[in-house]
Each structure stands twice: as structure tokens, then as C-alpha cells.
Amino acid sequence: MAIWLVLVRKEVVEALRSMKAVWLPLVFILLGAMQPITSYYMPEILKHAGNMPEGSIIQIPVPSAGEVLAQTLSQYGTLGLLIVALAFMGMISSEINSGTASFTLVKPVGRTSFFLSKWAAALLLVWLSFAAGFGASWYYTVLLIGAPDAGAVVQGFLLYGLWLSFVVTLTLLFSSLLRSPAGAAFASLGTAAVLAVASSLFPHAWQPGLLAGIAAEAVQAAANPKATAVVMITAAATALAAVLACLSMKRKALP
Amino acid sequence: MNELLCVTGLKRTFGARAAVEGIDMSIKEGRCVALLGPNGAGKTTTIRMLTGLLPPTSGTIKFRGEGMEDDFRRHIGYLPQAPVYYGWMSGRELLVHAGRLCGLSAAAAEARAAEMLERVGLSDAARRRVGGYSGGMKQRLGIAQALVHRPRLVIMDEPVSALDPIGRREVLALMRELKEETTVLFSTHVLHDAESVCDDVIIMADGRVAAAGAVEELRSRYRQPIIELRVEEDARSVAWADEMADGRRKLPHVDSAEHRDGSLRFAVDDLDAARIALMQELVREGVKAARLEAGFSTLEDLFLKVVEGRGNLARTRS
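Chains A and B supply the protein sequences, listed in that same order. Residue numbers for the first sequence follow the working numbering, beginning at 18 and rising by one. Residue numbers for the second sequence follow the working numbering, beginning at 1119 and rising by one.
It is worth saying that the hints were derived from the structure and are not from the lab. Note that the coordinates shown come from a computational prediction; the quantities given were computed from them, not determined experimentally. One or more of the hints may lead you astray.
In the DSSO-like style, the derived pairs of lysine-lysine whose C-alpha atoms are separated by at most 30 Å in a straight line are [claimed, not checked]: (1) B:Lys1129 <-> B:Lys1297; (2) B:Lys1297 <-> B:Lys1368; (3) B:Lys1256 <-> A:Lys267; (4) A:Lys267 <-> A:Lys27; (5) B:Lys1297 <-> B:Lys1406; (6) B:Lys1368 <-> B:Lys1180; (7) A:Lys267 <-> B:Lys1297; (8) B:Lys1423 <-> B:Lys1406; (9) A:Lys269 <-> B:Lys1180; (10) B:Lys1129 <-> B:Lys1146; (11) B:Lys1146 <-> B:Lys1297; (12) A:Lys37 <-> A:Lys267; (13) B:Lys1406 <-> B:Lys1368; (14) B:Lys1297 <-> B:Lys1256; (15) A:Lys37 <-> B:Lys1256; (16) B:Lys1129 <-> A:Lys267; (17) A:Lys269 <-> A:Lys37; (18) A:Lys27 <-> B:Lys1406; (19) B:Lys1256 <-> A:Lys269; (20) A:Lys27 <-> A:Lys37; (21) B:Lys1129 <-> B:Lys1423; (22) B:Lys1423 <-> A:Lys269; (23) B:Lys1146 <-> B:Lys1180; (24) B:Lys1368 <-> B:Lys1423.
Across the chosen pairs, the derived CB separations fall in these ranges [as the list claims (entries may be wrong)]: (25) A:Trp223 <-> B:Ala1229: 54 to 64 Å; (26) B:Gly1249 <-> A:Ala222: 47 to 57 Å; (27) A:Pro272 <-> B:Thr1126: 40 to 50 Å; (28) A:Met18 <-> B:Gly1253: 32 to 42 Å; (29) B:Gly1185 <-> A:Ala270: 15 to 25 Å.
Think of the CB as a built atom: it goes at the ideal place given N, C-alpha and C, for glycine as much as any other residue.
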């Protein structure tokens, strides 16, 4: 446990020094804040776009606060996931390839704690970034559009955070399985994309891919009866991915 | 002396290729042991298994009776062949981190890091980022991080091979100091380095232990009387030398003859008798000797013999 904390501390310091702990929240804040702002100013933006015929009347209904937050989540579902996968794709494989993993693992450090420290640091960073970004989105929504139901927003936040955690864990799993960081990003994004597409094709199959949609419904205060089951399944899948990553680390030959 | 490390039947295969084919060796406490062998002999693979980086295909490693599952890594310090560190840490931070990973408290790790930096001469560079260190500095930092938790066994993989002559001398001096206080195992393909610092040698070739024992013991055990003869370049002498090397011409007390480095080298059973027989032969055949030298084979001859024609040497255990 003491050693695990030393490892987590190292990961956190590394994230700060490499500026990852700065740009990841910034990207999330940018994505989050853009959504209510563009929704609110869309008529203005279109008016200034220029190539509209003289006298055309633009009428776009301003979306409800819940809708804006749901759109923010869908932004995170594409660009957000991409950024997360890129940020953590090399967390394990780069260390193994470069030999710094060997530096750590010839010391009396368990391979499980090695993985768990990286997992904890990655989750911490992603949750903080997501909280900052979603908080920014909420703030601008309240400012420009109106106050959504706070309970619903928090619920949606937690649900979507779980989906992000699942994708982060997948990225780390593939980072421990595959030699190439790009391969890990591709594999985890691919898996997430397949699950997301599957959720719209087969809405009755219970799998983690449904969670993004359930979170978007939750912020609009629409309860989904499947929510509890999907949360359990996603949590179990996340834990399974972590266990598989630990097993793959244990069997690994290091340079 | 106590046995510190005992390896039995250690084997590792990569696909169909066996890198290490079942080796046995033991290291006694307080000794400085060189793992000697040509490139590709399996030295690094063996070391990676000893340090727990690479799971063995079969075989056991015991450290004072403890197996791998008891995690004896806390007693081992390891310097890899090409050390890589977190470039964003400073030298001091890296040593503190290494110490803490080995279970030292924050204060103890700080104190020990300062001590080690002083010892390897990196105090001035302690606050600089490791990414900017030169090769020699990285090697010295590597030694410091291997020693930070006072290990009972220090394992070094090719500690001097990549260094310039000055760095080499510094590291060898450090190793000489080190062997006074702890047990050292290091691999090298340079015999001279091995002879200059170690007590015991384990010679590996093709994934097997070809010979092992104390340097002096090996030297006397495999010591063979030899005569080296250099002849002039005239046709008669050269023809005679070729006939000797081919084995077409035989002499009493001479076991074998071969060309090496422009000389003819005779392995003999009785130095005096062979010398007389050889000189008589030279006179009889009118061979012009340029230089004749009688002596004994060196450790280098043993190394070459083991590496080139392995399998015919009996294994000795220290």
C-alpha cells in the first residue's frame, strides 16, 4: 500500500510535469463551454456567416438546459473519448518499450500495484478533467439558457463518468497487451465505437455502450429503467478489464 | 562462506529457440562474480531471469533459500545494460523514488540519495533533469539507484561495455570498492575486465555454463603448457609450418598445432621434452625460427577454447 502510494505520486507528478494534467482539463473545459455558447449564439453566428439572402428570418428555438448538457455529453462521446484514448494509450506500453517499467519492476514492487497505480492516476485525471469540463458547461448553461435540474445533472455526470472510466480502463488494458501505443488507442476507441453503434442497433442488448445514451437522458431528467442494470454491467466490465490487464502484466517479459 | 544465490536447471526458450538451456550456478556471499561469454551466449537472458524481469521457462532460483515467490528482489540491486530512467525527474528525485520503492521511508530515502550522489560523484548534477545526463553520468546514476537500498547482491549487466576508457576506469574502480561491502555479479564479454576485478568466473557459451570457478582455480585447472613458434617467411619454413598445422607431420609430446596470430602454437604434454624435440626437428628440417616461446595457456586461451569448441571442458563448481 505504501509502495502503491509512492507509485501513484510519481504518476501524478509526471502528469503535472508533462502538462497532461493541464491540457486534458483544458480540452474538456473548451468542449464543455463551447456547447451552451454555440447553442445560444447560433442565430447570431448564422447571421454573420454572410451568405444568407437579404431579409431571411432565422428562427432556431433555443434548446432547453437539459438538451444542451446532453449535447455536451455527445461532444465528449466523440472528441472527448479520442483525447482520453490518445492521452493514455502509451501509459503502460511506452514504459515497457523504453525500459522504465523494468526500472520500477526490478524493485520489490508488485506488477499488480504497478498497474493499479497507473489506473488510479488515469481515473483521477479523467474524472477531474470531466468534472471541470462538465462544470464549465453547466455554468454557461445556467448563465445563458437557464438552470437545469441539479439532481439530474449530477446523475448524468456520474453515469457518463462511469462510461469514461470504462474507456480509460480499456485503453490501459490494450496498452498493457499491445506493444504499440497507437494500436492501444485504436483498439480501445474501436471497442467503444462498436459498443456505441451496437447500442443504437440493438437497444435491448444490455452492454456498456448504452451508458452514454442513458447519461444523456438522465441530464434531461428522463429516467431509463435499464440504468441500474447497465451501470452494474459497465462496472463489472471495467473491473474485468482491470483484472485482465493485471494478469497480462504478471505474465509479461520485460526488457 | 554462505551460498547467497543458487540456480538450478534454469531454462528459457523464445519460441523454438532456447536462449538459456538449463544452467546451474551458485554465488557465494561476498564474492565478485563475472558472467563471461561472447555476445548471444545468454548472459542478459540469465540476468533478466535472476532479477525477475523475465519468467523462466523452467528451473529454480533460490536466494538464501527463498524462492521467487518470496520476492527476494528487495535484496537485489540491478544495473541494466542500457539504463533508462524517467527523464523528467532530477537525479536526486530519481534516487529518492528508487529508495522509496524499495521500502525506505521518505527521510531515509532522502538521506541515502544524498549519500549515493556524493559517492558516485553526481552531487553537482543532483538537481538537473536526468534526461540531460551524459552516458557516463547515467551509468553512475544507475549504480547509485542499484545501491540505494543496500542490497546484498548487486547485479550489473555489461556495466562497462558502452563506456569510454575514462568512464570504464571509473566504473571499474567503483566496482572494486563495491565488492568489499557486498556481493557482485556482473556480465561482460571482455575478459580483461573480468580478470581485473572478479574472484569467480562463470563462462557461458550457447546458453550453457561452459566453465565455472575461482579465477585462480580455473587458471591452474585448465593451464596447459604451450610453445609458440614464429618462422621466417621462406618457402621451406612455411611449408613445414603448414604440414605441422595440418597434422601431416607429428612430433613426440606435441598434442596439437595450430596457426594463431601469425605464429604456430603447439599444445604439449611435457614442456621440456617437447621443446627439445621441436628444436631438433627445426635443425633437421632446416626451418628458420624467428622466435620461440615456451609458456602456459592463459585465461584468454581458456575463454577462446570454450567459446570456439565448447563441450569438451568438464564443468567445475566453486
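To see whether the hints hold, each was checked on the structure:
no. : hint                               : in the structure
1   : B:Lys1129 <-> B:Lys1297            : holds, 28 Å
2   : B:Lys1297 <-> B:Lys1368            : violated, 48 Å
3   : B:Lys1256 <-> A:Lys267             : holds, 28 Å
4   : A:Lys267 <-> A:Lys27               : holds, 21 Å
5   : B:Lys1297 <-> B:Lys1406            : violated, 50 Å
6   : B:Lys1368 <-> B:Lys1180            : violated, 51 Å
7   : A:Lys267 <-> B:Lys1297             : violated, 33 Å
8   : B:Lys1423 <-> B:Lys1406            : holds, 29 Å
9   : A:Lys269 <-> B:Lys1180             : holds, 21 Å
10  : B:Lys1129 <-> B:Lys1146            : holds, 21 Å
11  : B:Lys1146 <-> B:Lys1297            : holds, 12 Å
12  : A:Lys37 <-> A:Lys267               : holds, 27 Å
13  : B:Lys1406 <-> B:Lys1368            : holds, 18 Å
14  : B:Lys1297 <-> B:Lys1256            : holds, 21 Å
15  : A:Lys37 <-> B:Lys1256              : holds, 26 Å
16  : B:Lys1129 <-> A:Lys267             : holds, 19 Å
17  : A:Lys269 <-> A:Lys37               : holds, 27 Å
18  : A:Lys27 <-> B:Lys1406              : violated, 73 Å
19  : B:Lys1256 <-> A:Lys269             : holds, 26 Å
20  : A:Lys27 <-> A:Lys37                : holds, 14 Å
21  : B:Lys1129 <-> B:Lys1423            : holds, 24 Å
22  : B:Lys1423 <-> A:Lys269             : violated, 37 Å
23  : B:Lys1146 <-> B:Lys1180            : holds, 12 Å
24  : B:Lys1368 <-> B:Lys1423            : holds, 22 Å
25  : A:Trp223 <-> B:Ala1229: 54 to 64 Å : holds, 56 Å
26  : B:Gly1249 <-> A:Ala222: 47 to 57 Å : holds, 49 Å
27  : A:Pro272 <-> B:Thr1126: 40 to 50 Å : violated, 25 Å
28  : A:Met18 <-> B:Gly1253: 32 to 42 Å  : holds, 37 Å
29  : B:Gly1185 <-> A:Ala270: 15 to 25 Å : holds, 19 Å
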